[in-house]
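Student: These protein sequence lines are chains A and B, in that order. Under this note's numbering, the residue at position 427 of the first sequence is numbered 745, and the numbers go up by one with no gaps. Under this note's numbering, the residue at position 122 of the second sequence is numbered 785, and the numbers go up by one with no gaps.
Treat the hints with care, as some may be off.
[As the list claims (entries may be wrong)] Some chain A residues near chain B, calculated using beta-carbon distances under 10 angstroms:
(1) S355
(2) P428
(3) W539
(4) R557
(5) Y761
(6) Q945
[What the hints assert, rightly or not] Here are the computed distance ranges between Cβ atoms for each label pair:
(7) B:D807 <-> A:I701: 36 to 46 angstroms
(8) B:R787 <-> A:F708: 50 to 60 angstroms
(9) B:P796 <-> A:A784: 32 to 42 angstroms
(10) B:V870 <-> A:D419: 49 to 59 angstroms
(11) B:D807 <-> A:E870: 33 to 43 angstroms
(12) A:L944 <-> B:V870: 19 to 29 angstroms
(13) A:I701 <-> B:V918: 37 to 47 angstroms
(14) A:A784 <-> B:Q703: 25 to 35 angstroms
(15) B:M702 <-> A:E769: 15 to 25 angstroms
(16) A:R929 <-> B:P827: 25 to 35 angstroms
(17) B:R897 <-> A:R763: 57 to 67 angstroms
[As the list claims (entries may be wrong)] If you only want the chain B side, here are some residues facing chain A, beta carbon under 8 angstroms, derived:
(18) L692
(19) P693
(20) F754
(21) V845
(22) R881
(23) G884
(24) L885
(25) V893
(26) P923
(27) L924
(28) S925
(29) L937
(30) A940
Hints in this document: simulated from the structure, not taken from any laboratory. Keep in mind that this is a model prediction, so the values were computed, not measured. Ideal Cβ positions, reconstructed from N, Cα and C, are used throughout, including at glycine.
Now for the letters of each chain:
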Amino acid sequence: MAEPEGLIIDAARQATAFVSRLWDHDNNVPDNSCTLSACRQRLEFLLSAVHGHAVSLRVAQPPAPPSALSRLFGRIPRHLIETRPLPANDGATIFLPMQLDPGEQSALSPHHFFRLLALQQAGRARRREIQTLPIDTLTLDLFQLSEAVAADHALALHFAGLRLDLAALRRAMLSQRPPPSLLNAVEQAVEELYCGVLKASPDDIPPPLALARKPEDSLDWAVEMSMKISTRTRMPTVRYRGCAKDLWWGKMLPPSSGNQPIRYEEALRDMMQPSANPRRSANLSRRPQAREKTPDEDDETQGMWMVQKDDPQQHVEDPAGLQRPADRDDDADAGDLADSLSELPEAQLISSSKTVRELLLADDPLDQRTTLVLPGKGAAHGIVYPEWDFRVSRYHKEGAIVRLQPPLLGDVGWAESVVARRPALLRQVQLRLEGLRPRRIRYHRQPEGEEIDINACVNAFAERRAGLPPQDRLYQSVKAARRDIAVALLIDISGSTDGWVSQELRIIDVEKEALLLVYLALTKLGDPFCIYAFSGESAQNVSLWPLKNFEENDRILVQRRIAALEPQLYTRAGAAIRHTTSLLTATSAQYRLLILLSDGKPNDVDRYEGRYGVEDMRQAVAEARLQAIHPFCITVDRHAPQYLARVFGARHYAVLQQAETLPVVLADVLRRLIRQ
Amino acid sequence: MEDLLIKLPALENTRQDVPHPQAEEPYYLPFGDEVSIFMQCHRRHLAVMLKGPTGCGKTRFVEHMAWRLKRPLIIVSCHDDLTAADLVGRFLIRDNATVWQDGPLTRAVRTGAICYLDEVVEARQDAVVVIHPLTDYRRVLPVDKTGELIEATPGFQLVISYNPGYQHVTKDLKPSTRQRFVALDFDFPPPEREAEIVIHESGAEPVLAHDLVALAGRIRGLADRGLAEVPSTRLLVATARLIANGIAPRLACHVALVSPLSDDPVLVAAMLDLVDATLVD
């Protein structure tokens, strides 16, 4: 008979599962086409066409849930509590909610809705020049209203096709306004202004608002208007608590600070030692805002109350500030930590030399990352390559050390399962490369050959009749064309390839499948080729895994090596390209191709990121070109044209709009390059 | 000869004659000093190279200048199989006799016409080298098949055009060829002028023309986001013609402006969004 305790636990588990199923069922988003992710890329293209430069679009984070204390004692009225993410901008980036409420979808189709919100926020972001915003809530709200109206007016003026959408959005927002009974006199005055705007046509500016040509005009108007409202409503006695914000009003985030990486110059030994405990990871439902450290946050001297009797409850930021994230024990549940971090409105960024214990992943990662300079380890068992430093325009002699790693062996059945799963794809890849087999070519006007060249004979006859010296090239012959070509495939397996491209595929999975299919097709062509994967951490540890040498021919072995590929660390592309170049130059082929499969900018833990990494990669590519190698890059990074054109030159790279097409594109690129 | 595309219809009837420009002035709206520079080059016997993206008005400019200078015009569209014989001429057999047939270049040299070699980088190297003696102080065309050395008639002028960054990677003009030309850079006209051109060429309403030009300007902003070819003025004129003849503006933009530019579904969708936002049916 079961223990009563076990029964209770079992019942509780069943009940929890039932409730969570019920909850999931209610919150189900049935159609993915209604979310921002479905049209994000399309909107980014649209914004960059409208504004002439790349505008990045990110997911707006939902507001932090109000704590129990603030609900009890805070004087935030119910209609002012934010319940959902609002569209926002920080002057450079646009934030849009992931999905819309069902009520809003009736007014406009989701795509039209997102398009309008994105264009509105981009227009407002463009107008943001004033760095210091008014502190007074009333003036700030009036300023935002005036700016939003001016941005809408410009939108309606330049994009006649959007007027109907704008009007529909305003109508939809008007129906959601709070009842006037909830508002005090000052709030009613602002609400009246706002409703006036929502009722007006988008290309009109309803008085008392005026068209603000510059943000300064809006500021002047807001200051003046707030004075008027205060005197009219005897403001000091009636407090302005705010105006209920909606999708039209949005949010004005503080301007993004320059993304200066935090630099730690010290040598950090902990990083080099592999952590004994495996990293735990969990997903964050929302990411708190990163905040600056406040001046009085940490006391210089220790106070009296430092005695801690018990371990406090595990929480991300405990009120007493006694437990820092790095101090926690090793077996805390990462999911619980993620939940409690999601509840914080903001959190401070701390850089630590210790290895992180848990990774909490958000949809919208932070821009900042810590850079660490790791201590040198010597070049034992490695090949040293120079590295280009654009800041001083010369090479660092001992720039990076490439270490060849023995490739791991994966599952034998993986290759068969991929081929069985994707027969159509394999066929497509084979078809594309089939045309490249050395075939027979007819040579005209030969001094000797199997057949007579009629055209040459007619020409020669005519010229002889005209009294010209006789021609002797009158034959044609058919010979098999010899092609002298060597191909090197270089695959980036940095940590970022862990990203998901669809429900069940990561970038690395797509890369592996593409590699396998192209490998199978290339072996049939008979040209020598090699496959290398690369990643690594720091200049001392650029790892290269030879998956197939030029000479190797063991199909099963290569397939198992491809199967074992997993995302590793960082992308120090320069050194990897230099090593592959040296391998290619050692071949006797007349025509050498280097194809790089990448998923983003070169980066590493130290200075190797941003412009430094790009410039070193560019130099490595230029060196390859000098050695008569033809480099080409295929990437899934949508922002690649901004830097790859400089690195590889125009028309020497391809950006995949959909990662799933990689095998076919890779085959296409090979075909194009080999044909040339 | 069948490889040569002679764009002027009069050639069919007058095999050896060189067509003169039509009486009517070909419409061309100058953007700078290119007309006066071309006139000077013509007077000083200098060859001219026109550089610019497709559909920005290079050919129209040459037609206009030929009309202005009252010179006959021969246009040769170069392709990768164009040989020197295609330009200079060859022997043909006719009625059991051999007849020398002048090529378009020889004909232009003899008659003092303007010879326009369109997309010259596409031609084979031997064809390009033929023009070298014509473009320096000698101004002669050696025809080795007949042993002739033809001196260019005073009105003869050589004009070539090419599209930088568009042609094949392995093909480019040799420096020794480039340095023989005065180069005129062409680009898409500024919005006001482009609208004027669209109105003139298509007969569209001014409001529509301005909308189309604004739309094209925005789509051109996508060039560094993966759009290989940006919409040309020629494409805008075609779109405006469709609209002026009763096709709904958004549909016309879809078929004549957006669809020809790209096959990438996301890019096409983004461009259609732009069309939707800019134009009203």
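Student: Each hint needs a verdict: does it hold in this structure or not?
Tutor: Consistency of the hints with the structure:
Against a cut-off of 10 angstroms between C-beta atoms, the interface hint on A:S355 is violated, since the closest Cβ of chain B lies about 13 angstroms away. Among the interface hints, the one on A:P428 is violated; its C-beta lies about 13 angstroms from the nearest C-beta in chain B, farther than the 10 angstroms criterion. The interface hint given for A:W539 is broken, as the beta carbon of that residue sits about 28 angstroms from the closest beta carbon of chain B, more than 10 angstroms. A least Cβ separation of about 42 angstroms between A:R557 and chain B goes past the 10 angstroms threshold, and the interface hint is therefore violated.
The beta carbon of A:Y761 is not positioned within 10 angstroms of any beta carbon in chain B (closest approach about 15 angstroms), and the interface hint is therefore violated. The beta carbon of A:Q945 comes no nearer than 18 angstroms to any beta carbon in chain B, farther than 10 angstroms, and the hint placing it at the interface is violated. Taken as a hint, the range 36 to 46 angstroms is violated for the pair B:D807 and A:I701, whose Cβ atoms sit roughly 57 angstroms apart. The supplied range of 50 to 60 angstroms is broken by B:R787 and A:F708, whose beta-carbon atoms lie about 41 angstroms from each other.
Checking the proposed 32 to 42 angstroms range against B:P796 and A:A784 shows it is violated: the Cβ atoms sit about 23 angstroms from each other. Restraint check, B:V870 to A:D419: a C-beta distance of roughly 37 angstroms breaks the suggested window 49 to 59 angstroms. Taking the beta carbon of each, B:D807 and A:E870 are about 55 angstroms apart, not inside 33 to 43 angstroms as hinted. A C-beta distance of roughly 55 angstroms is found between A:L944 and B:V870, which places it outside the suggested range of 19 to 29 angstroms.
For A:I701 and B:V918, the hinted distance range of 37 to 47 angstroms is not satisfied, since their beta carbons lie about 56 angstroms from each other. Distance hint for A:A784 and B:Q703: a CB-CB separation of about 41 angstroms, inconsistent with the stated range 25 to 35 angstroms. Checked against the given bound of 15 to 25 angstroms, the beta carbons of B:M702 and A:E769, roughly 54 angstroms apart, lie outside it. Evaluation of the 25 to 35 angstroms hint for A:R929 and B:P827 yields a pass: the beta carbon distance comes to about 27 angstroms.
A hinted range of 57 to 67 angstroms is violated for the C-beta pair B:R897 and A:R763, which are about 39 angstroms apart. Against a cut-off of 8 angstroms between C-beta atoms, the interface hint on B:L692 is violated, since the closest Cβ of chain A lies about 25 angstroms away. The closest approach between the C-beta of B:P693 and any C-beta of chain A is roughly 27 angstroms, which is over the 8 angstroms cut-off, so the hint fails. Among the interface hints, the one on B:F754 holds; its C-beta lies about 4 angstroms from the nearest C-beta in chain A, closer than the 8 angstroms criterion.
Nearest Cβ of chain A to the Cβ of B:V845: about 26 angstroms, over the 8 angstroms cut. The hint is violated. Annotation: B:R881 was flagged as interfacial toward chain A, and the flag holds, the nearest CB pair being 5 angstroms apart, inside 8 angstroms. At its closest, the beta carbon of B:G884 sits 5 angstroms from a beta carbon of chain A; the interface hint therefore holds under the 8 angstroms criterion. Given the 8 angstroms rule on beta carbons, the hint for B:L885 holds: about 5 angstroms separates it from the nearest Cβ of chain A.
Interface restraint check: B:V893 against chain A, minimum CB-CB distance 11 angstroms, threshold 8 angstroms, status violated. The closest approach between the C-beta of B:P923 and any C-beta of chain A is roughly 17 angstroms, which is over the 8 angstroms cut-off, so the hint fails. Restraint check, B:L924 versus chain A: the minimum CB separation of about 12 angstroms is more than 8 angstroms; hint violated. About 10 angstroms separates the beta-carbon of B:S925 from the nearest beta-carbon of chain A, more than 8 angstroms, and the hint is not met.
Interface hint at B:L937: satisfied, since its Cβ lies 6 angstroms from the closest Cβ of chain A, which is below the 8 angstroms cut-off. The closest approach between the C-beta of B:A940 and any C-beta of chain A is roughly 4 angstroms, which is under the 8 angstroms cut-off, so the hint is satisfied.
Violated hints, in rising order: 1, 2, 3, 4, 5, 6, 7, 8, 9, 10, 11, 12, 13, 14, 15, 17, 18, 19, 21, 25, 26, 27, 28; the structure is consistent with all others.
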